[in-house]
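Chemist: Read off the chains here:
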Amino acid sequence: MPNLMMTSKLPLEQWISDAVAWLTQNWAGFFNLIQQLGQGVMDGLTGFLIAIPMPLMIAGLTIIAIVTSPKKWGFPVLVLAGLGLVANQGLWNDLMNTTTLVVMASAVSLIVGIPLGIIMAKSVKTEAIVKPILDFMQTMPAFVYLIPAVAFFGIGVVPGVFASVIFALPPVVNFTNLGIQQVPVALVEAADSFGSTTWQKLFKLELPNAKNTIIAGIKQTIMLALSMVVTASMIGAPGLGRGVLSAVQHADVGSGFVNGIALVILAIIIDRFIQKLDTNPEQVQAVSHGNVRKWIVWGTIVVIALGGVVNGMMSQKATGKKVNIGYVQWDSEVASTNVLAEAMRQHGYNVTMTPLDNAVLWQSLANKQVDATLSAWLPNTHKQLYSKYKNDVSVLGPNLKGVRLGLVVPDYMDVNSISDLTNQANKTIVGIEPGAGIMAAAQKTIDAYPNLSGWQLQASSSGAMSTALDKAYKSKQPIVITGWSPHWMFSKYHLKYLEDPKGTMGTTENINTVVRKDLKKTSPDVYKVMKKFKWSKDDMEQTMLEIQNGKSPEAAAADWIKAHQKQVDQWFD
Amino acid sequence: MPKVEIKHLTKIFGKHQKAALKMVKENRSKDEILEKTGSTVGVYDINLEIETGEIFVIMGLSGSGKSTLIRLLNRLIEPTSGQIFIDGNEITHLNKRQMLEIRRKKMSMVFQNFGLFPHRTLLENTEYGLEVQGVPAEERTRRAEAALNNAKLLSFKDQYPSQLSGGMQQRVGLARALTNDPDVLLMDEAFSALDPLVRREMQDELLDLQANVQKTIIFITHDLNEALRLGDRIAIMKDGQLQQVATGEEILTNPANDYVRSFVEDVDRSRVLVAESIMVPGFTANVDTDGPNVALHRMSKEEVSGLVAITKQRKFLGYLTSDEVVKARKEQKSLRDVVEPMPTVTPDTLIADIMPIIYDAKSPVAVVDEDQRLKGIIIRGAVIEALAATEGDEHNDA
Chain A
511 MPNLMMTSKL PLEQWISDAV AWLTQNWAGF FNLIQQLGQG VMDGLTGFLI AIPMPLMIAG
571 LTIIAIVTSP KKWGFPVLVL AGLGLVANQG LWNDLMNTTT LVVMASAVSL IVGIPLGIIM
631 AKSVKTEAIV KPILDFMQTM PAFVYLIPAV AFFGIGVVPG VFASVIFALP PVVNFTNLGI
691 QQVPVALVEA ADSFGSTTWQ KLFKLELPNA KNTIIAGIKQ TIMLALSMVV TASMIGAPGL
751 GRGVLSAVQH ADVGSGFVNG IALVILAIII DRFIQKLDTN PEQVQAVSHG NVRKWIVWGT
811 IVVIALGGVV NGMMSQKATG KKVNIGYVQW DSEVASTNVL AEAMRQHGYN VTMTPLDNAV
871 LWQSLANKQV DATLSAWLPN THKQLYSKYK NDVSVLGPNL KGVRLGLVVP DYMDVNSISD
931 LTNQANKTIV GIEPGAGIMA AAQKTIDAYP NLSGWQLQAS SSGAMSTALD KAYKSKQPIV
991 ITGWSPHWMF SKYHLKYLED PKGTMGTTEN INTVVRKDLK KTSPDVYKVM KKFKWSKDDM
1051 EQTMLEIQNG KSPEAAAADW IKAHQKQVDQ WFD
Chain B
85 MPKVEIKHLT KIFGKHQKAA LKMVKENRSK DEILEKTGST VGVYDINLEI ETGEIFVIMG
145 LSGSGKSTLI RLLNRLIEPT SGQIFIDGNE ITHLNKRQML EIRRKKMSMV FQNFGLFPHR
205 TLLENTEYGL EVQGVPAEER TRRAEAALNN AKLLSFKDQY PSQLSGGMQQ RVGLARALTN
265 DPDVLLMDEA FSALDPLVRR EMQDELLDLQ ANVQKTIIFI THDLNEALRL GDRIAIMKDG
325 QLQQVATGEE ILTNPANDYV RSFVEDVDRS RVLVAESIMV PGFTANVDTD GPNVALHRMS
385 KEEVSGLVAI TKQRKFLGYL TSDEVVKARK EQKSLRDVVE PMPTVTPDTL IADIMPIIYD
445 AKSPVAVVDE DQRLKGIIIR GAVIEALAAT EGDEHNDA
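Heads up: the protein sequence lines correspond to chains A and B, in order. Just remember that our numbering sits 510 ahead of the position in the first sequence, which is counted from 1. Just remember that our numbering sits 84 ahead of the position in the second sequence, which is counted from 1.
If you are wondering where the hints come from, they were derived from the structure by calculation, not from laboratory data. All figures in this text were calculated on a predicted structure; none of them were measured in a lab. Any given hint could be a false lead.
[Claimed, not checked] Below, computed lysine-lysine pairings styled on BS3-like, alpha-carbon distance capped at 25 angstroms: (1) A:714 / B:190; (2) A:632 / A:721; (3) A:632 / B:99; (4) B:180 / B:99; (5) B:180 / A:635; (6) A:911 / A:1042; (7) A:1041 / A:911; (8) A:714 / B:241; (9) B:91 / B:109; (10) B:99 / A:635; (11) B:241 / A:711; (12) B:189 / A:714.
Please construct the entire structure, taking both the sequences and the accompanying hints into account.
Modeler: Right, dumping it as structure tokens:
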């Protein structure tokens, strides 16, 4: 048997990349059309949902819950209390954004999935082809779908929906197929013997009989779409997912749970309402005044919708020049982006902040889907990304000078240089998100220093890293982390950078502002502000510490702006 | 001209049909063909003529191809070869659309397990056949209600099938088939899933109906009694092939071959000679718990004039006549006081020996095992019939 490792490796990665690149180039028009249409529909729907006055919506949904579950108090109380809690936590708009994402992803999945399930049930050949594809789709980790989604549709809610659809489609297809195939042969024979056409059989016998199975599939699909909300937020899908993701990156238990609970409440409400559709006819018969109930439900829905329309017309659209600032959820960037966004809002700009993974952020700048970012660490940390996209973006220069990266240890450890490391801390360097520039530098360092052979670079998130550091610090355990300053941890703990004689972790560098190539032409004002935005390491650490001590980023940014009004005003001259 | 005519109708399931056909012609058995070719012979070379207004019964054991045959008639199963004519028009080569018309107008089917749609009310089930034809709602409701009315189920029209008994469901199945006003009614073991009493009722209803509407009914069953009650003519099938087509009387008197002969004999002659083979379950009264009122109620319910008395331990005691039980009720006695003696035999007593016992007895004879437990009772008619049959046999052998 030939050794597989000896034969040359199949260029599988290359093939897939080429295929996606070909699609992206040749179908660009089609993808852009979908992206624009989708974005328009989603923005419309979200705008409409947000325009509905919150109390009206909560009251309306509670009334519907009361009417649809007579004599049961649990569900209406859950709707009222749950939605009230979400609103109280200030997550209402996020909830509406998430609802839009779930509704669209579910709707597309059902529109594609139910007919596909029917075709599968009717044709053995189709089933043989589609079934393995569905199994493949379901077992592939959902993250993988984000990559082509970004390549095709860029960032935002449309690729989120695209990835969610691929992930959530299989159950509804499988259940539809199963439900139709499970209709007893005797009934199908009966329908045939009376001369039903294929369509008549489908609509009069098979679908009504398969209804409950199909609804079970629909529920699964909706739940999967919900679970994709968090994943999709990595590529800029707005909503509760962002809260969860940011909580993971900052290891913020409280905020993670609050966002999670809001998602749970949404899931339960959707699940219960779908459950109401799952009836058998005899029960319906037993419920008297069925018509009255129906009228109340529809009436309530109409009132809610009217509230949205009226309020939407009355409320002023947010005006001002639009700007979309992309950032990565590192503590440093959260601070700078919030400060600039807050300042620009005060000067009448309509600012959107889009949290993204670092690599996706650069890609989005190159694709002109994000206007600017304040978080390019150059020349070393983001070297790879910069060299990949340098022709498609413009670097406006540093907004903060003198940052430093390196391997960082607590000062109770008796190593001072990277060359001193032998077998401390289980030969592990605790890192952050795998896509971050500092991780590439750390890997390079491990490869460059002979004493680091056998060391591991452990990827996690910036939040998880600071949690690990906190734990080790309190128990005086050795730990090596990928650290950078400005960072609040230097004011919270006694830490030291390890000397880097080979210079692989980079010397001091700057954080730069990078904007899309044509920003100067299309939005000169925004361009000017971006060009002028500058602040110092101390400014940043001040803001970071406030956030670390429990202030919301917006509030911390507002505080800093109040204290530095002059400096801020200079950005807008 | 016959209503339905079938010529050389054959259906083979599976691959290698040619090889299977060849083996059928060589008279190989079904199992052998399946083993050699992997194909199953559904039916082979069926030739039949069925007249208008006839109830034509097709009988056979399970696997004899009778259900396949009936489904070939309305082409729920496509024939491998052969022709089917209805009113002289061949339907075997019709396309899908034309076949739909035939199914909608000419033929309707009633199924063993009723085949009612669980998500539709009785009325919606009954009008289904008209609904797929696109008949206006008012007219189809009118016709469906008339059919339900005939089946005495109109008051249940808004109920769902699961809320009804089996007999009621089958009436709906029949009403649904009749609503289309078809020429030919195909009934696939329509009464086999019902309990015996309801089954008799339905058979009577079918005969009444046939007296009124004169449909051509093709009725499938595996029950000889049902076939004899309903069938104007009976066809007996084995392994997909017809054995005999004749009236019930002819089949009983003149079986075409050994298979038919053994098929129509309810009982094996060699076992007729002992008590066990002709006894029937007896209706009993438990003297330790039942009183005269219960006993009388049971007699009227079961339509008998006497009961076998047993104890709580199911031991045999004797016989209770209706006269004695009535007396007991008047005189406030218990059943134990009015038990009369009853002749008993063991299960292996020869019939010839039972004859004199039963001749003198006023009551049936009880069959009792060695533990004094009641196994069954023997009534006079059974003994006489058994004796007549054995004598006939001896006569034939002589």
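Chemist: Are the Cα positions of residue 91 (chain B) and residue 109 (chain B) separated by 25 angstroms at most?
Modeler: This hinted pair holds, its Cα atoms lying about 16 angstroms apart.
Chemist: Check whether the Cα positions of residue 1041 (chain A) and residue 911 (chain A) lie no farther apart than 25 angstroms.
Modeler: Distance of about 14 angstroms is within 25 angstroms: holds.
Chemist: Need the status of pair residue 714 (chain A), residue 241 (chain B): alpha-carbon distance at most 25 angstroms?
Modeler: Given pair residue 714 (chain A), residue 241 (chain B) holds - Cα atoms ~18 angstroms apart, limit 25 angstroms.
Chemist: Hey, residue 241 (chain B) versus residue 711 (chain A), does the alpha-carbon distance stay inside 25 angstroms?
Modeler: Between residue 241 (chain B) and residue 711 (chain A) the Cα gap is close to 22 angstroms, so the pair holds against 25 angstroms.
Chemist: Holds or violated: residue 180 (chain B) with residue 635 (chain A), Cα cutoff 25 angstroms?
Modeler: holds, 22 angstroms
Chemist: Hey, residue 99 (chain B) versus residue 635 (chain A), does the alpha-carbon distance stay inside 25 angstroms?
Modeler: holds, 19 angstroms
Chemist: Assess, step by step, whether the Cα of residue 632 (chain A) is no farther than 25 angstroms from the Cα of residue 99 (chain B), and give holds or violated.
Modeler: holds, 22 angstroms
Chemist: Taken at face value, is the distance from the CA of residue 190 (chain B) to the CA of residue 714 (chain A) at most 25 angstroms?
Modeler: holds, 22 angstroms
Chemist: For the pair supplied as a hint, residue 911 (chain A) and residue 1042 (chain A), is the alpha-carbon distance within the 25 angstroms limit?
Modeler: holds, 14 angstroms
Chemist: Is residue 632 (chain A) within 25 angstroms of residue 721 (chain A), Cα to Cα?
Modeler: holds, 16 angstroms
Chemist: Run the distance test for residue 180 (chain B) versus residue 99 (chain B): straight-line Cα separation, threshold 25 angstroms.
Modeler: Roughly 24 angstroms separates the two Cα atoms, so the pair holds.
Chemist: Given the hint that residue 189 (chain B) pairs with residue 714 (chain A), test it: the Cα-Cα distance must not exceed 25 angstroms.
Modeler: holds, 19 angstroms
Checked against the numbered hints given earlier, the structure satisfies every one of them.
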